[in-house]
Amino acid sequence: MLRLYSAPRCLWRRSYSVGTKYPSTIEILGQHYPTDQITNITPSIISKLPLRLHTQPGHPLCTLRTLIESHWPDFSHISSLSPLVTPYKNFDELSFPADHPGRSVTDSYYINKNLMLRTHADVYRRDEIDGSHYPVFHQVDAAKLFDASTQGMKEVEEDNERLKRHLEMSNIVIEDVPHISAVNPVQEGHDPVYAELVTKNLKLSLNSLILKLFGGLVQEEAVEGEVDRGVFPVYESEF
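Going by UniProt numbering, the final residue of the sequence shown carries number 239, and the count climbs one at a time with no gaps.
None of these hints come from the bench; they were simulated from the model. The reader is advised that the hints may include incorrect statements.
Here are the simulated SDA-like cross-link-like pairs (lysine to any residue), alpha carbons at most 25 Å apart as the crow flies [as the list claims (entries may be wrong)]: (1) Lys154 / Gln139; (2) Lys154 / Ser205; (3) Lys212 / His32; (4) Lys164 / Val193; (5) Lys212 / Tyr88; (6) Lys154 / His190; (7) Lys144 / Thr66; (8) Lys89 / Ser70; (9) Lys164 / Val186; (10) Lys21 / His32; (11) Lys144 / Thr55; (12) Lys200 / Val105; (13) Lys144 / Tyr134; (14) Lys154 / Val193; (15) Lys154 / Lys113; (16) Lys113 / Ser47; (17) Lys89 / Asp141; (18) Lys164 / Leu204; (19) Lys144 / Thr199; (20) Lys154 / Leu206; (21) Lys164 / Lys21; (22) Lys144 / Leu202; (23) Lys203 / Pro23; (24) Lys212 / Lys113; (25) Lys212 / Leu61.
Just the calculated beta-carbon pair ranges, DEER-fashion [what the hints assert, rightly or not]: (26) Gly215 / Pro23: 50 to 60 Å; (27) Ser24 / Glu155: 22 to 32 Å; (28) Ser44 / Asp141: 33 to 43 Å; (29) Ile78 / Glu161: 22 to 32 Å; (30) Lys21 / Tyr194: 46 to 56 Å; (31) Glu175 / Pro23: 52 to 62 Å; (32) Pro43 / Asn171: 41 to 51 Å; (33) Thr106 / Arg162: 41 to 51 Å; (34) Glu27 / Gly189: 42 to 52 Å; (35) Glu27 / Glu161: 21 to 31 Å; (36) Glu175 / Lys21: 19 to 29 Å; (37) Gln187 / Leu29: 31 to 41 Å.
C-beta: ideal position from N, C-alpha, C; glycine also.
Given these sequences and hints, build the entire structure.
Structure (structure tokens):
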């Protein structure tokens, strides 16, 4: 599964907080929803929801989405999910603990206690605008299932060798970190050998995508890719 969502750029933002007086219902994407004591979504953010720049031919986000989808043609490409989700879908199904700060009304946009804006994929987060932060932005999510049988892991190993040879023959320089380490351990319940193979596959696949996106832009100068340790308290290993 491969998902790409987009968010437009805006030059201003109105500041709202919990306690702002809202009407009993608000209209979002043509539907009316009840408000309650934790409603904090703003008119500015609501106005962004229907734009869908990543689906407009000729827009840079649409071009980028098309390139990414063409690199992984075997994935199901999903680009039209609603940005409205339940807190259970947004947090609980992804193993966010009950006290995770992302659940706070200071971090996320809520229509009411039972409905919110997604904080991953098509991302809506209550960030203040500065040089590197914006409350609406776009990212890609991809999910791949692996067969944990001996034959399935053999196929992963063969795919890793194929990707490795492709990158070694290409004009790309990769600065890497260990697949598995003390600061980036195997997630509990996972076979360490299988985790090593799948982690390697993840990094090789992402570097092949970087080569696809930027390899044609350079001639003599190599594309540079850097793999770094990710920091997220739910998933290990991560990069």
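How the hints compare with the structure:
1. For the suggested pair Lys154 and Gln139, the alpha carbons sit about 31 Å apart, so the restraint of at most 25 Å is broken.
2. Between Lys154 and Ser205 the CA atoms are separated by roughly 17 Å; this keeps the pair inside 25 Å, and the hint holds.
3. Of the supplied pair hints, the one linking Lys212 and His32 is violated, its CA atoms being roughly 43 Å apart against a limit of 25 Å.
4. For the proposed pair Lys164 and Val193, the alpha carbon gap of about 18 Å is at most 25 Å, so the pair holds.
5. Restraint check for Lys212 and Tyr88: not satisfied, since their Cα atoms lie roughly 36 Å apart, outside the 25 Å limit.
6. Between Lys154 and His190 the alpha-carbon distance is near 17 Å, which keeps this suggested pair within the 25 Å criterion.
7. Taken as a hint, the Lys144 and Thr66 pair is honoured in the structure, with Cα atoms around 19 Å apart against an allowance of 25 Å.
8. Straight-line distance between C-alpha atoms of Lys89 and Ser70 comes to about 29 Å, which puts the hinted pair past the 25 Å bound.
9. With a C-alpha separation of about 22 Å, the suggested pairing of Lys164 with Val186 holds against the 25 Å cut-off.
10. Among the hinted pairs, Lys21 with His32 is consistent with the structure: their alpha-carbon atoms are about 17 Å apart, no more than 25 Å.
11. With a CA separation close to 23 Å, the supplied pair Lys144 and Thr55 stays within the 25 Å bound.
12. This hinted pair does not check out: Lys200 and Val105 have alpha carbons roughly 37 Å apart, beyond 25 Å.
13. With a CA separation close to 29 Å, the supplied pair Lys144 and Tyr134 exceeds the 25 Å bound.
14. A threshold of 25 Å between alpha carbons decides the hint, and for Lys154 with Val193 the separation of about 11 Å falls inside it, so the pair holds.
15. Pair hint Lys154 plus Lys113 does not hold up; C-alpha atoms about 46 Å apart against a cutoff of 25 Å.
16. The hinted pair formed by Lys113 and Ser47 meets the criterion: a straight-line CA distance of about 21 Å does not exceed 25 Å.
17. For the proposed pair Lys89 and Asp141, the alpha carbon gap of about 15 Å is at most 25 Å, so the pair holds.
18. As the CA atoms of Lys164 and Leu204 are separated by approximately 7 Å, the hinted pair is consistent with the 25 Å bound.
19. Only pairs whose Cα atoms come within 25 Å are accepted, and Lys144 paired with Thr199 is accepted, the gap being roughly 12 Å.
20. Proximity of Lys154 to Leu206 is assessed by CA-CA distance (about 20 Å); at most 25 Å being required, the pair is judged to hold.
21. For the given pair, Lys164 sits about 57 Å from Lys21 by alpha-carbon distance, which is inconsistent with the 25 Å threshold.
22. Pair hint Lys144 plus Leu202 holds up; C-alpha atoms about 10 Å apart against a cutoff of 25 Å.
23. Simply put, Lys203 and Pro23 have alpha-carbon atoms about 48 Å apart, too far for the 25 Å limit, and the pair is violated.
24. Distance check on the hinted pair: Lys212 and Lys113 sit about 42 Å apart at the alpha-carbon level, beyond 25 Å; violated.
25. Pair hint Lys212 plus Leu61 holds up; C-alpha atoms about 16 Å apart against a cutoff of 25 Å.
26. Taking 50 to 60 Å as the suggested C-beta distance range, the pair Gly215 and Pro23 conforms, at roughly 52 Å.
27. Taking 22 to 32 Å as the suggested C-beta distance range, the pair Ser24 and Glu155 does not conform, at roughly 56 Å.
28. Between Ser44 and Asp141 the CB atoms are about 25 Å apart, so this pair departs from the stated range of 33 to 43 Å.
29. Roughly 30 Å separates the CB atoms of Ile78 and Glu161, a value that falls within the hinted 22 to 32 Å.
30. At about 54 Å, the beta-carbon gap between Lys21 and Tyr194 stays in the expected band of 46 to 56 Å.
31. Evaluation of the 52 to 62 Å hint for Glu175 and Pro23 yields a pass: the beta carbon distance comes to about 53 Å.
32. Restraint check, Pro43 to Asn171: a C-beta distance of roughly 48 Å satisfies the suggested window 41 to 51 Å.
33. One distance hint, 41 to 51 Å for the beta-carbon pair Thr106 and Arg162, holds here, with the actual separation near 46 Å.
34. Taking 42 to 52 Å as the suggested C-beta distance range, the pair Glu27 and Gly189 conforms, at roughly 45 Å.
35. Look at Glu27 against Glu161: about 54 Å separates their beta carbons, and that is not inside 21 to 31 Å.
36. In this structure the hint that Glu175 and Lys21 lie 19 to 29 Å apart at CB is violated, the actual value being about 52 Å.
37. Between Gln187 and Leu29 the C-beta distance comes to about 36 Å, which sits within the given range of 31 to 41 Å.
In summary, the numbered hints that this structure violates are 1, 3, 5, 8, 12, 13, 15, 21, 23, 24, 27, 28, 35, 36.
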